[in-house]
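**Student:** Protein sequences, first through last, are from chains A and B.
FYI, in the working numbering the residues of the first sequence are 1 to 601.
FYI, in the working numbering the residues of the second sequence are 1 to 512.
Treat each hint with caution, since some may be false.
Restricting the straight-line Cα-Cα distance to at most 30 Å, the calculated cross-link-like pairs of lysine-lysine (DSBU-like) are [claimed, not checked]:
1) A:458 / B:387
2) A:435 / B:387
3) B:387 / B:406
4) A:435 / B:244
5) A:67 / A:435
No lab work stands behind these hints, which were simulated from the structure alone.
Each chain is listed here by its residues.
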Amino acid sequence: MTKNRNKKSTPQKQVFLPAPDRSWYFFVAFFLIAFIYFLIPGNYVLFFQEQQSLFLYTADYILEFFKKPGSPADMVAKFLTQFYINSFTGSLILALVLSLPAVILHRINRRLMPGSGLTCLLAIIPSCLLLIMQTHYYHLMLYNAGFVLLLSFFLIVVSRETTGDKYIALAFFPVLYYLAGAFGLIFTGMFIVYSLVYLKGRHRYLMPLMLAGLAGLCVLLSDKFLITDDIKQRFLYPLPDINDSLHRLMFRLMTAFLVLYPLITRLAGRLRIVRPRERFAASIALPAIILCSAVAALAAAFKPQTARVINLEKLVFTGKYQEAVEYHEKKPSENLIGQYFYNIALSSTGQMCDRLFQGRQDFRTSSLFLPWSSEHINWGAQAFYAIGLINEAQRWAYEEMVVYGKRPQNMKLLVKSSLINGNYSMTAKYTSILKKTLFYRKWAMDHEKLAGDPLAVKSDPDLGKKVNLLPGQDFFIFLETPESNLPRLVNQNPGNREAFEYMMAWLLINKDVEMLVDNVRLMKNMGYTRIPGYIEEAILIYYNSQGVFPDLGGLELSSETRLRFDQYFTAFMSARQNPARLEALMKKQFGNTFWYYFHFR
Amino acid sequence: MSVIILLTGCSGKSGLEPSGTGRLPAIEPDYTDVTIPPNIAPMNFRIEEEGDCFWLTATSESGALSIDVRSSDGVIKFPAKSWKKLTGASAGSRIKIEISASRKSSGKLEKFEPFYMNVSEEPADPYLTYRLIYPGYYNWSHIRIMQRSIESFSEETLIDNKILDMNCINCHSFNQYNPGKFMVHIRGSNNGTYISDKGRFLRVDPKIESMPGGATYPSWHPGGKYIAFSSNQVRQGFYAKPEKLIEVFDLVSDIVVYDTERNLTYHADDGDTTGYLKTFPSWSPDGRWLYFCRALQTGSQSVMTLDDIEETRYDIVRIPFDPETAGFGKTEMVFNASLNGKSASFPRISPDGRYLVITLHDFGTFPIWHREADLHIIDLSTGESRKMDINSSETDSYHTWSSNGKWLVFSSKRTDGRTTRPFLAYFERWDKTGKPFILPQKDPAYYDKLMESYNIPEFVNGKIPLGPRDFAKATAIEPVGAKSGNPERSLSTKTIEKAGMERNPGEKSIHE
Numbered sequence: 001m002t003k004n005r006n007k008k009s010t011p012q013k014q015v016f017l018p019a020p021d022r023s024w025y026f027f028v029a030f031f032l033i034a035f036i037y038f039l040i041p042g043n044y045v046l047f048f049q050e051q052q053s054l055f056l057y058t059a060d061y062i063l064e065f066f067k068k069p070g071s072p073a074d075m076v077a078k079f080l081t082q083f084y085i086n087s088f089t090g091s092l093i094l095a096l097v098l099s100l101p102a103v104i105l106h107r108i109n110r111r112l113m114p115g116s117g118l119t120c121l122l123a124i125i126p127s128c129l130l131l132i133m134q135t136h137y138y139h140l141m142l143y144n145a146g147f148v149l150l151l152s153f154f155l156i157v158v159s160r161e162t163t164g165d166k167y168i169a170l171a172f173f174p175v176l177y178y179l180a181g182a183f184g185l186i187f188t189g190m191f192i193v194y195s196l197v198y199l200k201g202r203h204r205y206l207m208p209l210m211l212a213g214l215a216g217l218c219v220l221l222s223d224k225f226l227i228t229d230d231i232k233q234r235f236l237y238p239l240p241d242i243n244d245s246l247h248r249l250m251f252r253l254m255t256a257f258l259v260l261y262p263l264i265t266r267l268a269g270r271l272r273i274v275r276p277r278e279r280f281a282a283s284i285a286l287p288a289i290i291l292c293s294a295v296a297a298l299a300a301a302f303k304p305q306t307a308r309v310i311n312l313e314k315l316v317f318t319g320k321y322q323e324a325v326e327y328h329e330k331k332p333s334e335n336l337i338g339q340y341f342y343n344i345a346l347s348s349t350g351q352m353c354d355r356l357f358q359g360r361q362d363f364r365t366s367s368l369f370l371p372w373s374s375e376h377i378n379w380g381a382q383a384f385y386a387i388g389l390i391n392e393a394q395r396w397a398y399e400e401m402v403v404y405g406k407r408p409q410n411m412k413l414l415v416k417s418s419l420i421n422g423n424y425s426m427t428a429k430y431t432s433i434l435k436k437t438l439f440y441r442k443w444a445m446d447h448e449k450l451a452g453d454p455l456a457v458k459s460d461p462d463l464g465k466k467v468n469l470l471p472g473q474d475f476f477i478f479l480e481t482p483e484s485n486l487p488r489l490v491n492q493n494p495g496n497r498e499a500f501e502y503m504m505a506w507l508l509i510n511k512d513v514e515m516l517v518d519n520v521r522l523m524k525n526m527g528y529t530r531i532p533g534y535i536e537e538a539i540l541i542y543y544n545s546q547g548v549f550p551d552l553g554g555l556e557l558s559s560e561t562r563l564r565f566d567q568y569f570t571a572f573m574s575a576r577q578n579p580a581r582l583e584a585l586m587k588k589q590f591g592n593t594f595w596y597y598f599h600f601r
Numbered sequence: 001m002s003v004i005i006l007l008t009g010c011s012g013k014s015g016l017e018p019s020g021t022g023r024l025p026a027i028e029p030d031y032t033d034v035t036i037p038p039n040i041a042p043m044n045f046r047i048e049e050e051g052d053c054f055w056l057t058a059t060s061e062s063g064a065l066s067i068d069v070r071s072s073d074g075v076i077k078f079p080a081k082s083w084k085k086l087t088g089a090s091a092g093s094r095i096k097i098e099i100s101a102s103r104k105s106s107g108k109l110e111k112f113e114p115f116y117m118n119v120s121e122e123p124a125d126p127y128l129t130y131r132l133i134y135p136g137y138y139n140w141s142h143i144r145i146m147q148r149s150i151e152s153f154s155e156e157t158l159i160d161n162k163i164l165d166m167n168c169i170n171c172h173s174f175n176q177y178n179p180g181k182f183m184v185h186i187r188g189s190n191n192g193t194y195i196s197d198k199g200r201f202l203r204v205d206p207k208i209e210s211m212p213g214g215a216t217y218p219s220w221h222p223g224g225k226y227i228a229f230s231s232n233q234v235r236q237g238f239y240a241k242p243e244k245l246i247e248v249f250d251l252v253s254d255i256v257v258y259d260t261e262r263n264l265t266y267h268a269d270d271g272d273t274t275g276y277l278k279t280f281p282s283w284s285p286d287g288r289w290l291y292f293c294r295a296l297q298t299g300s301q302s303v304m305t306l307d308d309i310e311e312t313r314y315d316i317v318r319i320p321f322d323p324e325t326a327g328f329g330k331t332e333m334v335f336n337a338s339l340n341g342k343s344a345s346f347p348r349i350s351p352d353g354r355y356l357v358i359t360l361h362d363f364g365t366f367p368i369w370h371r372e373a374d375l376h377i378i379d380l381s382t383g384e385s386r387k388m389d390i391n392s393s394e395t396d397s398y399h400t401w402s403s404n405g406k407w408l409v410f411s412s413k414r415t416d417g418r419t420t421r422p423f424l425a426y427f428e429r430w431d432k433t434g435k436p437f438i439l440p441q442k443d444p445a446y447y448d449k450l451m452e453s454y455n456i457p458e459f460v461n462g463k464i465p466l467g468p469r470d471f472a473k474a475t476a477i478e479p480v481g482a483k484s485g486n487p488e489r490s491l492s493t494k495t496i497e498k499a500g501m502e503r504n505p506g507e508k509s510i511h512e
């Protein structure tokens, strides 16, 4: 009778057949979102990370990654990161890696909750969390690799059919720990929950015990034999420790979600999702909401100011100075580093005293030379390189290399500065490093050819220009008051117009009109045929207060500037009637003049 | 004995037409006609000649022993055991090296003129210790003190700042080349002078109030009880022109002697009130004299201009010392370098007490950044001096004698002008030294890739039985501050405060 009843009920059970799995549509959608985000608005993240290290194709470099747990994952991550140099390839790789957790969890779900309508939803959440974390420019590929490795190992273990096979797979935990370091500890938590939720009998306790023992042994052994890092590094490497509240929250959420994942799948698997509406909600609507939320989070997490700074940096580092000038004027950076790069771009295009106030100058003279600190060590060399104080540029680049390791920009600057200084032995040393990379090899070989040939160095458009700027007499560089170097550079080498305009920019920003106009007499002998606009404006301020013109050394003020000053003066006198609106009125018409800066900033 | 190392890609010599080049082969490092100790590791090098295959035969002078090496890429790596036998059997004579190269394109076998490596009878001390550090400016990152067996390629880390809170690790000094008794300075959160005596650590601070700075540049008294230090307020200046990079100079400096048993620090005072800068102490082998460098103070103790520094020239002087009472006599001039417009640094006396080797440069106190710096030797019995024949056009500086007085290890920047490398030179007599050679490495291209400098190479007569973790553990010891051995002696408080407070623009203590 019972059998018959069961047979009768069979046709009804067909109603509960699993719905078609549409997860792959969502995974593809996720991939496209990530790809487009990092190709266009978030591309600055890729540039920033590519600039953090050099992947060297040498045995010594590779072997270093095998000296401590977690480092092999770093090797893979750095290998992939080098491709960020190309926006398309970089975005493609990053989107693929970010999609991997979803794919792996999808396969895990087939084991843990076969046929469940929530498979896609649960699988896609970690990828979305990673994507949001990845919006932070310090979220390295290493962290993605760590999560991918631990999930892959979890998949391997739970895919074993028999308990014996699971023990065997688990015995390979030290391999995971060696590859992914502390990410292995997240796996430990995940597997312990899995054992307690999914396994039965004594194995639900024996397996976690075995794993805990293995994890403890791994930590002890690595501590004893492998590494010499401090205690924090020993236990936490390479987990992220980024000083950003959103990133920390996302990382904790991600870790908690993964550790509890077996429990979540257990509970989700028990849910009976049978009605079409429920199925739609579980397998389409909810994943779509998660994806939409991820897009919204991306938009919210996007930091336009950070993007502007790094984009400016990219333009300057790639020698696109005119583009950098226009970019900052169109999309002003409110950041010190952004404005610093704008000033370098102005100097490199000979527009310092013609365009200085066309872009924002919110940090006064700090955006001309960055103060000496480890915070600014990545960028500080560029200003000194711009004014031809090559020894100081080299020092900053070298110090950056000592503190942060070999990076594209510090190595390139070391190559260029050693060529300019004629230290060709060191050029060979630095180029030999860049030649071991995939994407800087050609640049290194091109520059290596110049070593030993001062004429070739002088003929190079960039290097030759800097050779001509070198100081004539020696002096000790002023480190804490870098502006004090400028008069020396100018006096010893009147051809150094870059240093001269930096000096004039310093005086303009400091509103030191008297000292500024005193230098105008030098300009004709320096090769100037006209006075740059902002210096003219300063001269007219001087004239307005003193009633006489300073010695212009044979140069003349342009009629346009005189006319504009008259307009400014008239507008100022008129607007003064309304003191409350004075600044706003003047800003509207003359906001990019030195006169406005002088009176209102 | 004949050993052949076969490498793939190299076929036999048969069928090739031999021809003599009439010249020596270009090799890197340059090991042609060098003098080596019998206990040196294999002198691996690479042949920088065109060729598809290279053959090398190294033969003892008697012809009884030889090693054959074949290489397709020109890299010559001698097998360790065979090399040991060859050098052992060649002590007091020389090894003949013959190299030939084949080119497929021409079908010729080019034979180069043979060159020789002279093997001395006297070995060098088996270990070298040195600090590996970037030759940088203010910043440091990873710093290690290493010990390297010169008899093999074995190199081990002795101290690693990765487990010392990234502190700066400074000078190390051994008592009589003894691996069981040495000291090292650590600056930063684990600050102190760590003294290791037979595996037992002391953590002390020899600085007393009257010293212008911390204790630096140590030298152990041969008796093992005292350590001489200089106490310096060190500053750095960075040059604008490409020819020079850095000038390291002292605002104020003085010499002190620390009694390790009684924890007392004494100023090496002879009552002379002239304003001197005093640095780089070094004991005579009998422990009765303390040599050091001394210059008339040109700056104002708080500011040194470039002109001041260029006018500061150090002489070598010595002061008698009584180990029983820790008393000092009157300072006397040993080598008046300033008289000849030069400045002397790093006095090092040979173990027999007869010779003094110094670094001579144009001015100032820190020759490491002076390209013109060269090693000079002074015969202390006659006062005669001469430039040694081991110098190069780049900086040749920091040097140490081996315990048998037959070898010198010194730091040279001759390979690239920036990074220092350890060179060993055989000391035959005061006017003759063997051609120096760079410490051999397993990979002959090692130095090309290494960005760090070998800093303060010191001979040690055995392996130091300690490692980085031992030093990390030693940081748990509470530091003990020294007391003044001659409390009546002190610099004026005003002078110390002034020197510590005022700074030349752009100058900063290198340890800040």
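**Student:** Run every hint past the structure and note whether it holds.
**Tutor:** Results for each hint:
1. A:458 / B:387: Measuring from Cα to Cα gives roughly 38 Å; hence the hint is violated.
2. A:435 / B:387: It is violated: about 40 Å lies between the C-alpha atoms, which goes past 30 Å.
3. B:387 / B:406: holds, 18 Å
4. A:435 / B:244: holds, 27 Å
5. A:67 / A:435: holds, 24 Å
Comparing the model with each earlier hint shows violations of hints 1 and 2; every other hint is respected.
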